[in-house]
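Asks: Next come the chains, spelled out residue by residue.
Protein chains: 2
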Amino acid sequence: MSVAKGDLYMIDDLIRKIKEKKAPVVVGLDPNLSYVPESIQKKAFIEFGETLEGAAEAIWEYNKGIIDAVYDLIPAVKPQIAMYEQYGIPGLVCFERTISYCQSKGLSVIGDVKRGDIGSTSEAYAVAHLGHTKVGKNELTCFHEDFATVNPYLGSDGVRPFLNICRKEGKGIFILVKTSNPSSGEFQDRLVDGRPLYELVSEKVHEWADAMGRGEFGYSGIGAVVGATYPEQGAALRKIMPDSYILVPGYGAQGGKGEDLTGFFNEDGLGAIINSSRGIICAYQQDKYSDYGADRYAEASRAAVLDMIADINGALGRDA
Amino acid sequence: MSVAKGDLYMIDDLIRKIKEKKAPVVVGLDPNLSYVPESIQKKAFIEFGETLEGAAEAIWEYNKGIIDAVYDLIPAVKPQIAMYEQYGIPGLVCFERTISYCQSKGLSVIGDVKRGDIGSTSEAYAVAHLGHTKVGKNELTCFHEDFATVNPYLGSDGVRPFLNICRKEGKGIFILVKTSNPSSGEFQDRLVDGRPLYELVSEKVHEWADAMGRGEFGYSGIGAVVGATYPEQGAALRKIMPDSYILVPGYGAQGGKGEDLTGFFNEDGLGAIINSSRGIICAYQQDKYSDYGADRYAEASRAAVLDMIADINGALGRDA
Numbered sequence: 001m002s003v004a005k006g007d008l009y010m011i012d013d014l015i016r017k018i019k020e021k022k023a024p025v026v027v028g029l030d031p032n033l034s035y036v037p038e039s040i041q042k043k044a045f046i047e048f049g050e051t052l053e054g055a056a057e058a059i060w061e062y063n064k065g066i067i068d069a070v071y072d073l074i075p076a077v078k079p080q081i082a083m084y085e086q087y088g089i090p091g092l093v094c095f096e097r098t099i100s101y102c103q104s105k106g107l108s109v110i111g112d113v114k115r116g117d118i119g120s121t122s123e124a125y126a127v128a129h130l131g132h133t134k135v136g137k138n139e140l141t142c143f144h145e146d147f148a149t150v151n152p153y154l155g156s157d158g159v160r161p162f163l164n165i166c167r168k169e170g171k172g173i174f175i176l177v178k179t180s181n182p183s184s185g186e187f188q189d190r191l192v193d194g195r196p197l198y199e200l201v202s203e204k205v206h207e208w209a210d211a212m213g214r215g216e217f218g219y220s221g222i223g224a225v226v227g228a229t230y231p232e233q234g235a236a237l238r239k240i241m242p243d244s245y246i247l248v249p250g251y252g253a254q255g256g257k258g259e260d261l262t263g264f265f266n267e268d269g270l271g272a273i274i275n276s277s278r279g280i281i282c283a284y285q286q287d288k289y290s291d292y293g294a295d296r297y298a299e300a301s302r303a304a305v306l307d308m309i310a311d312i313n314g315a316l317g318r319d320a
Numbered sequence: 001m002s003v004a005k006g007d008l009y010m011i012d013d014l015i016r017k018i019k020e021k022k023a024p025v026v027v028g029l030d031p032n033l034s035y036v037p038e039s040i041q042k043k044a045f046i047e048f049g050e051t052l053e054g055a056a057e058a059i060w061e062y063n064k065g066i067i068d069a070v071y072d073l074i075p076a077v078k079p080q081i082a083m084y085e086q087y088g089i090p091g092l093v094c095f096e097r098t099i100s101y102c103q104s105k106g107l108s109v110i111g112d113v114k115r116g117d118i119g120s121t122s123e124a125y126a127v128a129h130l131g132h133t134k135v136g137k138n139e140l141t142c143f144h145e146d147f148a149t150v151n152p153y154l155g156s157d158g159v160r161p162f163l164n165i166c167r168k169e170g171k172g173i174f175i176l177v178k179t180s181n182p183s184s185g186e187f188q189d190r191l192v193d194g195r196p197l198y199e200l201v202s203e204k205v206h207e208w209a210d211a212m213g214r215g216e217f218g219y220s221g222i223g224a225v226v227g228a229t230y231p232e233q234g235a236a237l238r239k240i241m242p243d244s245y246i247l248v249p250g251y252g253a254q255g256g257k258g259e260d261l262t263g264f265f266n267e268d269g270l271g272a273i274i275n276s277s278r279g280i281i282c283a284y285q286q287d288k289y290s291d292y293g294a295d296r297y298a299e300a301s302r303a304a305v306l307d308m309i310a311d312i313n314g315a316l317g318r319d320a
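Residue numbers (my numbering), protein chains in the order written: chain A, 1 to 320; chain B, 1 to 320.
Hints are not guaranteed to be accurate.
It does not matter which identical chain is meant; a pair holds if it fits inside one copy or across any two.
No farther apart than 25 Å at their CA atoms in a straight line, the calculated lysine to aspartate or glutamate pairs in the DMTMM-like style are these [as the list claims (entries may be wrong)]:
| no. | residue 1 | residue 2 |
| --- | --- | --- |
| 1 | 105 | 20 |
| 2 | 239 | 186 |
| 3 | 137 | 186 |
| 4 | 257 | 299 |
By construction, these hints were calculated from the structure, which means they are not laboratory data.
Modelling step: build the complete structure from the supplied sequences, incorporating the hints.
Replies: Written out as C-alpha cells, the structure is:
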C-alpha cells in the first residue's frame, strides 16, 4: 500500500535531512552528571544547590552546548528518557526542554522511551510522547517527540495504540527487535519453530509497517531497533523488513564499527540510522579527543560526530 | 539462601499488611480524566484552566478521595505511571504526590512503570524509581516507590541494575512474565524447546529471587506479574517460582474473578496480590454501584474494595 506524499511526514522529513546532511547518524543525548564538566556543574550548583534542580540545570547547559556544536551536521537526536528520569521532575523538565530546543534547531527527535503496556495503558504512553492530551476543549502536547521507541513484549494490543497515534499525527516508532546489549539473546534469540524470537518480532514489524503505508522515499514510519553489535542479524532483519527504517544503537562505546554496519542499509543507501551516545557526548573524556579538555567538550563532540560520519560513509563506499 | 530478618523489609512489610488486613489486594490508581467526576474537574479548571496543570489537579483530588476512603482496608496501591505521563510534567508531579500521600497513609506503593533497558540505562530507571540519585554530596530520591514492575525483554543485564538497587535499598520488583492482555500470547506463549517463553522468563525470576534470599515470611523481594486472565498458567508458574510474590492484574474490568485465582496462591495462603484498577476507582460508573452517584465516588470505591476482598477470601475459603 502506498500513501499520499506528506502523510508520513516525520519519516519523510527525517530521510530528507539524512540525505541533505549525508549523515545517517543520530546523537544519543543520554547525559549523566558524571559526564558534565566540573565548571558547568559548579555554576548550576551555585544557583540551585546540589539538588535535582541543580543537576537538571547542569545537564541542560551541557546538552545545549553539544546541540549548538553539532546540529548542522546531523539529522536527528535520541534523548534517552531514563537518564532524565533519574533526576526526577526537574530531570523530566530538562528532557522536554531538550526536545523543544532540538526541534527549534531543525532536528528530528527520537524519544528513547521503550514504553509498552497493555492496550489502554499503551494508549496513554502514545499520547504522552507522540500525541495530544485532551483536557476540556483543549488538545495539549506533553513531550512531543517525533518518534518513540516501543517494547513489543506485550504483543500487538500493546503496540496498536502507538500505530493509531502515528497514523493520526504523522509520527513514527522504532520497535525493539534485537537490542545491542550482551544478554539480549537470553530471550530474544530463543528459537521458536527453529527461528529466533526476534525474527518473529521483525515479521510483525513488517506487517505493521506495511499496513501503515510508505512515504515519499518508500519507507514506513514504523521502524525497528537492531543493535550494531549484531551485524549478521542486522543484515538478515534488513531483508525481512524492507520498508522499515532500522535504528541502530551500539556504535562506538558499545563496540560497533562502520564496517559492521553496511548490512543494515538497503541498496538505495537508506534504511538505517546509526546512534552513538557516550561516544559523542563524552568525546572529551576519550584519549582520542582529550586535547580539547573539559571546557571545549562541545568541540570534542563535533569532532567525534565528523569522525563517525566519515567512518560510516567510508564503510558505505561514499564521500561524506 | 536465607537472609537476616528485616533485610528485605519492603516485601516483609507488604506481607505483614496483607496478613493484618486479611486482604491480598492492591488498588490500581490508574486515573484518566474521563473517570473524574464533573464537579472535581470543574473546580480544578476554575483554578488552573483546561491545562495539564488543571487535569493533574483534578486527578490528584480524585486520587486523594479514593485513598482516604480505602486506605484502611488495603495493604498497597499500584499507580500506573502511563496514566500520569499522559498529563506531562504536571501529571508526573501528581504521580509523585500520590506516592507520597499513599506512603504517609501506611500503604505500600508498587510503581507500575514496566521499565527495562540495557544495563547502564536500566540503572538510571532503577535509581529514579527505587534508589537514590547522587548530586554532589547529596543522595536524593525521585519517585521513591517501594516496588516497581520491570520488563524483561532485554535479558539479565537489563534486570540486574534493578536487583542491585533492591538489595541495597531493601525494595522489590515484579518482573513481567505473562501479562493479562488478550495478545500477551503473541510472543510470551511461543514455544521454545517445547515450552512457552514465559516459563523461561519465570525460571530466570526464580533464579534472581533465589539469589536475593528470603525474608521473614519465606518470600523474596523479586516477584512476577502474571495476569488473572490466565489462571492455568498462573497455577503452573506458582510452582516454578515458589518464593516469589505474584502480582496479578486483570481482576474485575479485564474479566478475572476470585474463583480463578486460587492457583496463584501458595499453601500458606500467601504468594499473590490481586490488582483491580478501573473496577475500584471507577466503581461509581458501574451499574452495581451507581446508586452512590458521582459525588460519592469514593464511597463506591470503598464498597467495591470490600466486595473484592470478600470475593477473593471466599474463593480461598476463608473469612475476610
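Asks: Indicate, hint by hint, whether the structure satisfies it.
Replies: Against the structure, the hints:
For the homomeric pair residue 105 and residue 20, the shortest alpha-carbon distance inside one copy (15 Å) is at most 25 Å, but the shortest distance between copies (57 Å) is not. In this assembly of identical chains, residue 239 and residue 186 lie within 25 Å of each other by CA distance both inside one copy and across copies; the values are 23 Å within and 22 Å between. Proximity of residue 137 to residue 186 under the C-alpha cut-off of 25 Å is found in neither arrangement, the shortest distances being 47 Å within a copy and 38 Å between copies. Proximity of residue 257 and residue 299 under a CA criterion of 25 Å is satisfied intra-copy only: 22 Å inside one chain copy versus 61 Å between copies.
Consistency note: the structure conflicts with earlier hint 3 alone.
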